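Q: The residues making up each chain are set out below.
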Amino acid sequence: MFGYIKPLEPQLKVCELESYKAVYCGVCRGLSKRFGPAARCTLSYDFTFIAMLHAAINDSAPVFTPQRCPLNPFKKRPHLDYCDSVEFSCEMAILMLREKCADNVADSSFLPYLGWSILTPVIENISSDVEKKHPDASRIAREMTEAQKKAEALGSEAKIDICCDPTASALGDIYSLMSKDKTTKRILKRMGYMLGRYMYLCDAIDDFDDDVKKNQFNPLSNYPDDSEFDAVLRFTAAEAANAYALLDIKYFKEILDNIMFMGLDATAHSLIERRKKRHEKSI
Amino acid sequence: MKSPYEILGVSPSATDDEIKQAYRALVKKYHPDNYAGSPLADLASEKMSEINSAYDTITEQRKRSSSGGYSAGGYGPASSRGGSYGGYYHQSSTGQFSDIRRLINAGRIFDAEQLLDGVPAASRDAEWHYLKGNVLLAKGFLEDAIPYLRRAVEMEPNNYEYRAAYERVEAQRQFGYGGRVSYSTCDPCTLCSTIICANCLCNTCCRCYCI
Numbered sequence: 001m002f003g004y005i006k007p008l009e010p011q012l013k014v015c016e017l018e019s020y021k022a023v024y025c026g027v028c029r030g031l032s033k034r035f036g037p038a039a040r041c042t043l044s045y046d047f048t049f050i051a052m053l054h055a056a057i058n059d060s061a062p063v064f065t066p067q068r069c070p071l072n073p074f075k076k077r078p079h080l081d082y083c084d085s086v087e088f089s090c091e092m093a094i095l096m097l098r099e100k101c102a103d104n105v106a107d108s109s110f111l112p113y114l115g116w117s118i119l120t121p122v123i124e125n126i127s128s129d130v131e132k133k134h135p136d137a138s139r140i141a142r143e144m145t146e147a148q149k150k151a152e153a154l155g156s157e158a159k160i161d162i163c164c165d166p167t168a169s170a171l172g173d174i175y176s177l178m179s180k181d182k183t184t185k186r187i188l189k190r191m192g193y194m195l196g197r198y199m200y201l202c203d204a205i206d207d208f209d210d211d212v213k214k215n216q217f218n219p220l221s222n223y224p225d226d227s228e229f230d231a232v233l234r235f236t237a238a239e240a241a242n243a244y245a246l247l248d249i250k251y252f253k254e255i256l257d258n259i260m261f262m263g264l265d266a267t268a269h270s271l272i273e274r275r276k277k278r279h280e281k282s283i
Numbered sequence: 001m002k003s004p005y006e007i008l009g010v011s012p013s014a015t016d017d018e019i020k021q022a023y024r025a026l027v028k029k030y031h032p033d034n035y036a037g038s039p040l041a042d043l044a045s046e047k048m049s050e051i052n053s054a055y056d057t058i059t060e061q062r063k064r065s066s067s068g069g070y071s072a073g074g075y076g077p078a079s080s081r082g083g084s085y086g087g088y089y090h091q092s093s094t095g096q097f098s099d100i101r102r103l104i105n106a107g108r109i110f111d112a113e114q115l116l117d118g119v120p121a122a123s124r125d126a127e128w129h130y131l132k133g134n135v136l137l138a139k140g141f142l143e144d145a146i147p148y149l150r151r152a153v154e155m156e157p158n159n160y161e162y163r164a165a166y167e168r169v170e171a172q173r174q175f176g177y178g179g180r181v182s183y184s185t186c187d188p189c190t191l192c193s194t195i196i197c198a199n200c201l202c203n204t205c206c207r208c209y210c211i
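Going line by line, the protein sequences match chains P and E. Per this note's numbering, the very first residue in the first sequence carries number 1; after that it's consecutive. Per this note's numbering, the very first residue in the second sequence carries number 1; after that it's consecutive.
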């Protein structure tokens, strides 16, 4: 469900792409520092975005240091230094991973079930300390999984908005934790809601044909017209961008603008195109 | 406190044309039409008046300091604008649902929804449908909101407030962020908005929201 919130790379300047990569590397290093090297596997674009947004709306200027990395040991590359923004995004990543785990244990077939249920206690253990630090965020994440189950239990009654709501609300609440200012919190909540909705919808489109074939639940299967999927996504992305436009962005403005005003639409478009191609092949 | 130049995102040494360009780009971004029916409409309109007063300050300053007299190029002075834009919600607050509008403005969406759902079917007029659509938009239930907004426009095609919200939603579904409604058709319904649009062009755009 992760990896949909990313820039439209060809439209980034070379220096912007460099600093995007440096944040990505900084988050990766941060995960390793905070939760051990294995946590690097949970790295995703979405949490890179969260780290970047957190840095952009808070006052302290981001600092980059050239460092080596186990995956690329011969060349030093700039990394965003470990800071509140990196820490926040890493901790949220672990909380979301915990929920993904719980979700997968609940509805996987035998082999993946085995894998996920071995992982679960490990992640519960790691995240227990995050839970103490961010009790609100942890509660929000747990409630999300519960509410999601309820929404999906509605089956053919479940309309698209109800299905998106748990993930979207959780992301909205998590985003609003990034700031202390009341107005900023309000904007972040709306933006997070719409981005959560966007992620959930992207995931649903990606899995749509598989789910239909296997007769599994998919939130879009009750939507009357599959040629309208892109309109639903465009509107959701536009609402997120409308909220984002109201934020006071201090750093990384060009990259964040790229993600919010171009990247979201481009990713959605490529998902829809991929689905069309699959259809053409199968015919 | 930000300087007027910072608000417009230009350097103090920028030319008048550059400033006008930056101003227009910002107005396009924060135009009330882009936020019609949005729960953040009030913040967008605050931003808009901030941008307007920054632009006014800069043009006034430059007019005073330049000996040749700076031409404002058709933009009226701040005083002729007739006060800043107040947001769509305030426009018809005397309707039968003024208390519900107040709840929506205060962000109490669930209370507003409860009250709306308690209205008997017989008194559900265009405004009811519009407000229900607004509540759903504010909750983030974007798809559920559309039929209500459409119904409001069908029931009262000449209401600018309802049209603005519905057309914004449709434009963004079709074109994404920054999507604009095309005013190419000429039925009596769109005539009203076409006039507004033409008026924009006459005023070298941007300040149509003050009519």
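It is worth saying that the hints were derived from the structure and are not from the lab. Hints are not guaranteed to be accurate.
Here are the simulated DSS-like cross-link-like pairs (lysine-lysine), alpha carbons at most 25 Å apart as the crow flies [said to hold, decoys possible]: (1) E:K47 <-> P:K182; (2) P:K149 <-> P:K253; (3) P:K75 <-> P:K133; (4) P:K182 <-> E:K29.
This structure is a prediction, so every number in the text was calculated from the model and none was measured.
Q: Does each hint fit the structure? Answer for all of them.
A: Now the hints, each set against the structure:
no., hint, result
1, E:K47 <-> P:K182, "holds, 16 Å"
2, P:K149 <-> P:K253, "violated, 37 Å"
3, P:K75 <-> P:K133, "violated, 36 Å"
4, P:K182 <-> E:K29, "holds, 23 Å"
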